[in-house]
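> Knowing the structure of chain H, use the given hints to seat chain B on it.
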Amino acid sequence: MRTVLFLVQKEFLQIFRNRTMLPLLIFMPVVQTLLLSFAANYEIKNLSLGIIDHDLSPASLRLVNKFSSSGYFQVKYAGFSRAEADKELAADRVDLIIEIQADFERALVREGHANIAINANAINASKAGIAMGYATGIVQDFRRELPGLGLAPPGTNPGGIQVSYSNWYNPELNYKYFMVPGILGEIISLIICFLTALNIVREREMGTIDQLNVTPLQKWQFILGKLLPFWMLSQVMLALGLTVGYLVFHIPMEGSLLMVFGFSLLFAPCMLGLGFLISNFADTQQQAMLTAWFFLVVFILMCGLFTPVESMPLWAQRANWLNPVQYFVSFMRMVLMKGATFADVRGHFASVLAYGLVVNGLAVWTYRKRS
Amino acid sequence: MNFRRLQSFFHKEFLHILRDRRTLLILFGMPLAQVLLFGFVLSNEIKDTNIAVLDQSKDVESIALTNKLASSGYFHVALTLQSADHLEPAFRSGKIKMAVVFPPQFGKQLTHEGSAALQIIGDASDPNTATTLIQYAQGIVFNYGRQRASSQASAGPTIAVQTRMQYNPEQKAVFTFVPGVITLILMLVSAMMTSITIAREKELGTMEVLLVSPLQPLEIILGKTSPYLLLSLLSTVVVIVLSMTIFGMPMRGSVLLLALECILYTFVALSLGIFISTRANDQMGAMFMSALGLLMPTMLLSGFIFPRESMPWALQVIGYAIPATWFNPIVKGVMIKGIGLEVLWPQTMVLLGMAMFFLVLSLRNFKDKLA
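Residue numbers (our numbering), protein chains in the order written: chain H, 1 to 371; chain B, 1 to 371.
Note that these hints are calculated values from the structure, not bench results.
For clarity, every value in this text was computed on a predicted model and none was experimentally measured.
Hints should not be assumed to be uniformly reliable.
With the C-beta cut set under 10 Å, the calculated list includes, among others, these residues of chain B facing chain H [said to hold, decoys possible]:
id	residue
1	Arg4
2	Arg5
3	Met30
4	Leu65
5	Pro104
6	Lys108
7	Gln119
8	Asp126
9	Ile134
10	Tyr136
11	Val161
12	Met165
13	Tyr167
14	Pro169
15	Thr176
16	Ile196
In this text, a Cβ means the ideal position worked out from N, Cα and C, and glycines have one as well.
In isolation and in its complexed conformation, chain H is listed as follows:
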């Protein structure tokens, strides 16, 4: 056991003396959390609108006004030419075009039915979907106002069902509360996996691993010595990240922080072991980095940070069981935002424990004192 402590001491010395690595370890989580959290915003606002109003009646003007005062849209083009509006759409100067027919008001009053055409730039499908949702919502709101505008007989009851909705856990729909916990989980996973893989391969590339191999050092001592420093550092990074998250973004901390640190203690071996496993199969730092990068990109894309896990096809959701980052992200969100208890997340604990054991077992098994 003393041997392991010596190794850990050596590792820490190397880390702190390395002028590139140390600032990286401190700054990367902080900078990335800040950068990613500010950039990662799926809130769709500031949409540019193009209006083609052939009617210019009080009704159509009222409708256009509803759009521009909704807070979601800004009118960037108003004209009569379809061709011009299409050009604006092609040049990305507007996101949406609304065309109102020439006898809009008359059709509403006389025939009780009118048409509106909305064209959205759907290259970014989800953005277009949300934009379209807002737009149709505004139109329906307008329809409900018609009796008040004198465009429909008073006392008409649009009838139907009044829906009142509420948003739990995040009433202001603050996207950062959703992103920051997940981002924190993702960044820590990324850093410790990378650094572990690179650390071991670096020794191999420079030849110092041979020196370790000819000592009486046992396999398990070597492995522990390599994993422990980053294990401890991951807790420090988590604390740092949570502090930044709280101070800068005021993220909710509903659940037990003790449980959060406990989980991350259990979770770190998953990514450390993965890094280790990768290092066993890489000859150069470049290979290790690219392999780790490959896996991490797949894991991060599928972890639920950018798109919901529930929207993935069923087979992909099952494959996601092999994605450790997904457990961490989901855990952080459930505990920090909803105040989940241990009973709610015991599945996460179990999965992460099992994953850690398997990955590290594999890493130890495939580690050969080869050259």
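Showing chain B alone in chain H's frame:
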């Protein structure tokens, strides 16, 4: 410039790269994996989302409406709750993402008074999903209410909205991601790999050997960058062909224009790679600088995944300095919208400017620091 010398240097570099099978595999595999992920796995589509229903009236109307929600394909009634106390634990455990609450006497109010109230609760820990779920539910409820109310005389005028998703009628997520993946590959292979290659020679000490050889600095740079230029273009072609054949991504514009723009962007990336290699002392440094300074911003701030309009002003400004921000609309424009230089000339000019600026800067740096 001696071409025979250059040729033998080229040959050496190519051999280096081709003999590193693992790296090649990943350099080609990563963009493939990303495109496949974006095409088949990642989406924002809402389907079979688990919801809870708290039906306090349990009459014909409430049951009919619940059935309508359940058969829409968007929702799956995972829990039927008996009391409002069960709502919180259900949300907290992550079992449901939305709850529909019918008040008592729902049916009676709807049939006798023509309107009734309904409550929908969304799990806003995921704000976008919650908003979309509530929007969908509202739509279904609204339609149902209108059907019931139209049996009554005065329903008021209706407005029909004809929606059209331009450029991407099937709303495939792939359309917005493939151009971004291309910017990422080109940056990864051209910039990162180039910087690592040159940094490796520095780290292993073989750069000195190169410099005392008859090779001119310019020849060294050409020899180091050309293989990666070719590799990245090849990778891009593979990605484009794949996305066209498997995902039906269109190529509505000029292939020649796209090829030229890709080469232009690659030049920018290459010169950035050279620049980084002059600043980094070892491979790890080069890798981290490329990752943090190039790849991260390209992924996050260029509008690849997150819309730039939603970002805080400071990040939008930084985004202007990133080549990918200008290249993205070019790819989308040429492939998906079918436009040409007449619309894209501003972006092309910016890229030209960046290419020249960084080329001169890096060459100057290389000569000063290394030669």
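> Now tell me, hint by hint, if it's right for this structure.
Going down the list of hints, with the structure as the test:
A hinted interface residue such as arginine 4/B counts as satisfied when its beta carbon comes closer than 10 Å to some beta carbon of chain H; here the least separation is about 29 Å, so the hint is violated. This hint is violated: arginine 5/B has a C-beta 26 Å from the nearest C-beta of chain H, more than the 10 Å allowed. This hint holds: methionine 30/B has a C-beta 5 Å from the nearest C-beta of chain H, less than the 10 Å allowed. For leucine 65/B, the shortest C-beta to C-beta distance to chain H is roughly 8 Å, which falls under 10 Å, so the interface hint holds.
Because the beta carbon of proline 104/B sits about 15 Å from the nearest beta carbon in chain H, more than 10 Å, this interface hint is broken. For the restraint placing lysine 108/B at the interface with chain H, the shortest Cβ-Cβ distance is roughly 13 Å, beyond the 10 Å limit, so the hint is violated. With 10 Å as the threshold, the beta carbon of glutamine 119/B comes within range of chain H, its nearest partner Cβ sitting at about 5 Å, so the hint holds. Hint status for aspartate 126/B: holds, given a least beta-carbon distance of 6 Å to chain H, under 10 Å.
Taking 10 Å as the C-beta cut-off, the interface hint given for isoleucine 134/B holds, the closest approach to chain H being about 5 Å. Hint status for tyrosine 136/B relative to chain H: holds, with the closest Cβ pair at about 9 Å, below 10 Å. At a threshold of 10 Å, the smallest CB-CB gap from valine 161/B to chain H is about 5 Å, leaving the interface hint in force. The beta carbon of methionine 165/B is positioned within 10 Å of a beta carbon in chain H (closest approach about 4 Å), and the interface hint is therefore held.
Satisfaction of the interface hint for tyrosine 167/B is found here, the shortest Cβ-Cβ separation to chain H being roughly 5 Å, below the 10 Å cut-off. Interface hint status for proline 169/B: upheld, as the beta-carbon distance to the closest one in chain H is roughly 7 Å, under 10 Å. Hint on threonine 176/B holds. Least Cβ distance to chain H is approximately 4 Å, under the 10 Å limit. Hint status for isoleucine 196/B relative to chain H: holds, with the closest Cβ pair at about 6 Å, below 10 Å.
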